[in-house]
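Protein chains in written order, with this note's numbering: chain A, 36 to 361; chain B, 36 to 361; chain C, 24 to 347; chain D, 24 to 347.
Watch out, some of these pointers could steer you wrong.
As the list claims (entries may be wrong) - Heads up, simulated EDC-like pairs for lysine to aspartate or glutamate below, C-alpha to C-alpha not over 20 Å straight-line:
#1 Lys216/C <-> Glu213/D
#2 Lys350/B <-> Asp239/B
#3 Lys226/C <-> Asp335/D
#4 Lys350/A <-> Glu337/D
#5 Lys350/A <-> Asp335/D
#6 Lys226/C <-> Glu245/C
#7 Lys216/D <-> Glu213/C
Said to hold, decoys possible - With the Cβ distance kept under 7 Å, some of the chain B side facing chain A (calculated, not the full set):
#8 Met131
#9 Thr136
#10 His139
#11 Ala163
#12 Ala174
#13 His175
#14 Ile219
#15 Asp220
#16 Pro225
#17 Ile233
#18 Trp299
#19 Ser301
#20 Glu307
#21 Phe317
#22 Val332
#23 Gly360
Said to hold, decoys possible - Derived CB-CB ranges, DEER-like:
#24 Ala258/A <-> Lys157/C: 42 to 50 Å
#25 Leu290/D <-> Asn57/A: 29 to 37 Å
#26 Gly85/A <-> Lys277/D: 50 to 58 Å
#27 Arg356/B <-> Thr329/C: 26 to 34 Å
#28 Gly223/A <-> Lys277/D: 39 to 47 Å
#29 Asn57/A <-> Thr329/C: 17 to 25 Å
#30 Glu337/D <-> Thr221/B: 32 to 40 Å
#31 Asn54/C <-> Lys361/B: 40 to 48 Å
#32 His339/B <-> Met29/C: 53 to 61 Å
#33 Asn251/C <-> Gln87/A: 14 to 22 Å
#34 Glu83/B <-> Glu245/D: 35 to 43 Å
#35 Ala258/A <-> Arg356/B: 28 to 36 Å
#36 Asp279/B <-> Lys216/D: 53 to 61 Å
#37 Asp321/B <-> Thr329/C: 39 to 47 Å
Quick caveat, the hints were computed from the structure, so don't treat them as lab data.
Quick reminder that beta carbons are idealized off the backbone N, C-alpha and C, glycines included.
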Amino acid sequence: MDNTTTYREAVREAIRKAMTENESVFLMGEDVGHYGGCYAVSMGLLDEFGAQRIIDTPLSESSFTGAGIGAALNGMRPIVEIMTVNFSLLALDQIMNNAATLLHMSGGQLNVPLVIRMATGGGKQLAAQHSHSLEGWFAHIPGLKVLTPATVQDAYDMVGLALADPDPVLIFENALLYNSKGSIDTQGTPVPIGKALIHKAGKDISIFTYGISLFKALEAAEALAKDGIDVEVIDLRSLRPLDDETVMNSVKKTHKVIIVDEGWKSGSISAEIMARINEQAFYELDAPMARVCTVEVPLPYAKHLEDAALPQPQKIVDTARTMMGK
Amino acid sequence: MDNTTTYREAVREAIRKAMTENESVFLMGEDVGHYGGCYAVSMGLLDEFGAQRIIDTPLSESSFTGAGIGAALNGMRPIVEIMTVNFSLLALDQIMNNAATLLHMSGGQLNVPLVIRMATGGGKQLAAQHSHSLEGWFAHIPGLKVLTPATVQDAYDMVGLALADPDPVLIFENALLYNSKGSIDTQGTPVPIGKALIHKAGKDISIFTYGISLFKALEAAEALAKDGIDVEVIDLRSLRPLDDETVMNSVKKTHKVIIVDEGWKSGSISAEIMARINEQAFYELDAPMARVCTVEVPLPYAKHLEDAALPQPQKIVDTARTMMGK
Amino acid sequence: MELDLMKAKEFYHKMLLIRRFEERCVELYSNQKIRGFLHLYIGEEAIAVALMDALTKEDAVLATYREHGYALARGVSCESIMAEMFGKVEGCSRGRGGSMHLFDASARFYGGSAIVAGALPLAVGMALADKMQKRNRVTVCVFGDGAVAEGEFHESLNLAALWKLPVLFVCENNLYAMGTALKYTESETEIYKKAASYKISSKQIDGMSVIEVAKAAKRAVEDIKDGNGPVFLECLTYRFRAHSMFDAELYREKAEVIEWKKKDPLLVFENRLKEIGLWSEVDATAIEDAIKTAIDKAVEFAENGTLEALEDLEKFVYSEVSHG
Amino acid sequence: MELDLMKAKEFYHKMLLIRRFEERCVELYSNQKIRGFLHLYIGEEAIAVALMDALTKEDAVLATYREHGYALARGVSCESIMAEMFGKVEGCSRGRGGSMHLFDASARFYGGSAIVAGALPLAVGMALADKMQKRNRVTVCVFGDGAVAEGEFHESLNLAALWKLPVLFVCENNLYAMGTALKYTESETEIYKKAASYKISSKQIDGMSVIEVAKAAKRAVEDIKDGNGPVFLECLTYRFRAHSMFDAELYREKAEVIEWKKKDPLLVFENRLKEIGLWSEVDATAIEDAIKTAIDKAVEFAENGTLEALEDLEKFVYSEVSHG
Ligand SMILES: Cc1ncc(C[n+]2csc(CCOP(=O)(O)OP(=O)(O)O)c2C)c(N)n1
Ligand SMILES: Cc1ncc(C[n+]2csc(CCOP(=O)(O)OP(=O)(O)O)c2C)c(N)n1
Ligand SMILES: [Mg+2]
Ligand SMILES: [Mg+2]
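Just chain A, with the same shape it has in the complex:
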């Protein structure tokens, strides 16, 4: 393991592999071709695969997403890149009313093997219209799967998992992770969709999280270890389906819960996880569950305000200490 592969390269490599192995796979989205991708994920792929398979689209989020659905219905395996989640709102009708619905509504006739990738998250001082974290919100929609790769390995694996799935899969790549480094195993069997992973075992508190918050939680875990608080950090990996089993097993072990979530607090995935733990493991709880989410504001530009709005390791530490009465 040389830890020199970036998250960006991992996604690119996975796309390259899929396109090499399967003629039906293609990539389409704004600036994926000549520009090389807004976050340089697809850099070089246009030269490698040509403009027929690396398709620069006009700014027409609703229609190129819908075109992805149509192409998926008609034998292709499209990867649609929506530049960032902020623009996915323009495509929501296609995603909810078509992609998520067609299989059921057609009585099982029409599955939609579509992969939609998008960058997500705040923290780059891009202000209110460019800093959404809506992955938890998308997880409300039946018919979709919602993946949130945090590690370089998952950045790689999830492209393949999503393409192998017969149904629409959304992959949310936190833009701050693109430069993060790790190593990838390209030969192993990927951890399947719907399976959470314990990143650090612990006995005092379970921290459930995903995406970039995983690293915030791990950082907090280190600090807490110094206080003698031994937290378990679990990467949910997939927000729909959620891995209830892994969640409940952890709760049974620690009896205390913190959820760290990049979404706005009210109505985000953290609430859903709390609801499920309440439903499935209520009597295991020793204390109220807590959550560290994004403050409910349109994200501000100024760095100190943005930092204050987003989940931070220190907030996790404080929350854990309070929970342990320290």
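Dock chains B, C and D with the ligands against chain A, hints included.
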């Protein structure tokens, strides 16, 4: 109280009153004029106020919603009718990235006094693209207020409350309620936004709900009363802001909670309410909270399937009985 | 286009089938056998029949919530359509779709879409897939005049033109979107001109004449299959009935409806056949009878259909092999 | 249009101010004083300066994330813009907006919008409000060539034309949307023709010539104020710099950039003034000096500005009087 006013008439009367009293108020949306409104809410208003103030729009949800924002920024008090919530997905970018955001993003300079009304809900066998209940999902968005009138009085009052508010307010009118009847007090002081109402006091279980589910809960309450189970039924009225105080007070009284919610279960407002009770009243709980939500499927056409998917009084009864160990 | 007797009979039969099928639907709606929204195609039958005639089995069709006529003309069986509207498992969408969501993958009939303009991007994508896979097929996408105002109309036409995709866009301009007349919704009411502004080959035709539509459709499909990119047809037509079952029709004059009924596509076609001397050979009574029998059978089939088991409610949210 | 010396000086001064202001922004970005996205207007200054000249204080302006030039030309103070980019309370959006979201209600400058085409519907609504209130004002809405592909472009142009609203639509066609050339995104690359298809009075002009834009803008505003409905101007222009600070510019040839730099609006204007004999009276050095002083002052102001208190993070999510 003669109980002969329909919910539809209540909304119409409130719009008429507002338009009569305030020249800046106008109504715009698809088929609000010549057709008389998809659900006949605005029937007659075109004749009364003319085509300058009752504006039939083209099918352009994103742009006429955005135009509502612009008009609100420029001195008007628009009521935008999005025919049904199902089409609001097309306008989500305007709602989230502009209406909900402008005040904060402009540092307090630009408030958006916009009212958006839309029909919501399933139960009319309209199938997967026409049966959404997304009010709880919209409540995730900071900067918005989300109202869900259940009673004829609230159908009336909430139009006025929303128009008096300086910020964007969404009103979700369950389409099955338009024919429901009641009486309206047009002189009293309306219960403010953000205040929940106890519709039936009780001591055994708190049922929190809103919109059409209020009546399902009340029906269940009657049946449960026969079993000697005395439930408290609370109409949340507003999903954003939520009335935590009324919720927690009820929990302190009954120590048991059921939430009835027309949205898909995962990630809906029911989860948020559970999360808040966990956070604010955990030690008051005698048992796991339960929720009766819509099953996580695109709503099917066939009546028996649709009925099975939606919350029903019997499911509430069964849930309450299980909770009471009966 | 040559109009031989066989084709004449077929056109007449199909148009009448749609007419009678929907008339029966109205009855069944009153009897509460059919529920939800029911949008009738009566008055517009010529378009679906002529368009479907221009296609091969490999071509694909996407329509709106007003799509009974397309499903029937495409050859989806009366039985499975009726059973669908009865909400039965034997329905072409297993009773999950209803009137607005008829699907038949084997007929390459892709719905049945209830979001105005929502199928246009899908059609673009299907055509893109055909082009990428070098299959010489057409995707036909039908929509109303109301769809023209939606952003997706614009985006989709641009994509199709830009990428020279094999799509046939068909706008059924019946002058109203629900109760809103075209003049209240478009600054340019000549819809075909809008399509032309995307450099799409575009034409306005008489949608009440099955012959004229058939001619235009045939030429359009040929053009597309020759690799010349998308074609747009604006068909002028009129719905004789209300928008749906809940429409008081306050927005149009009775006289206008009466005027248009004179152009009833069945009537127009009958007269034309009389002119060219073919009508006498069309056995209209036999066709009526055959249609009646077929519809009776469909109703019986639907009545006798089965209801999906409640345990299967969540089936098809994800594919069976899926991890969901 | 008469170009007197005063106007000439003003135009030159404003264009140079924008140029120098943004050059300083680049430095400040390298020094990490400015963060987030920073989109430079360098090369396109003529458009903002000329357009803003055509407006009165009562008119309204909506721009994109590439809006420094508009804010400056509209008279929003250098200080408050710079403070905004430093994230300070003294910024024109209290530091909440940054480079992409400059607002100044007192200047009727409505942003600063970072969703491509997202401001067009707002402009339609503002103009609707003016029309309803019988105020004779214009709303100017600026956007790039990339916005033309979005559904909202189409919907908004249709609404404005249909309702004859007092909007001036201005497309800054700089040939690229980020790294995607216009030819890859539009089947019709003559953008003004698209606007014409909505029956909007529409024109393509040289966006590198402040005089030509000023003429066209003046006429357009007059036309609109005469009650003739919306006008559309396509301004041909070019951005000399990268799309944002993170752009390797792989998608265009150096030679193309060099070619366009010959049309630098400052250069073009200087040459024109020389031709008509006004240049000698424009004291360019004095203007440079004044601008330098102003920018220095702005930077100092921004440096000395205050950071919003963390307790106020949630302020302005709702209005203070609101029940939220
Ligand atoms: C996006 C969207 N907005 C609104 C509606 C409600 N609606 C259903 S049909 C219709 C009118 C459509 O008219 P047109 O496209 O002309 O088709 P027609 O019904 O005349 O065949 C409307 C407004 C919808 N289904 N989808
Ligand atoms: C709806 C939406 N999609 C994508 C983006 C990302 N994006 C920002 S600027 C831009 C290019 C816009 O180009 P153009 O409209 O020509 O303006 P220019 O930057 O050339 O001035 C893109 C794709 C966005 N901001 N909004
Ligand atoms: Mg129509
Ligand atoms: Mg551009």
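> Quick check: which numbered hints come out false for this structure?
Replying inline: The structure breaks hints 3, 14, 15, 16, 17, 23, 24, 25, 26, 29, 32, 35; every other hint is satisfied.
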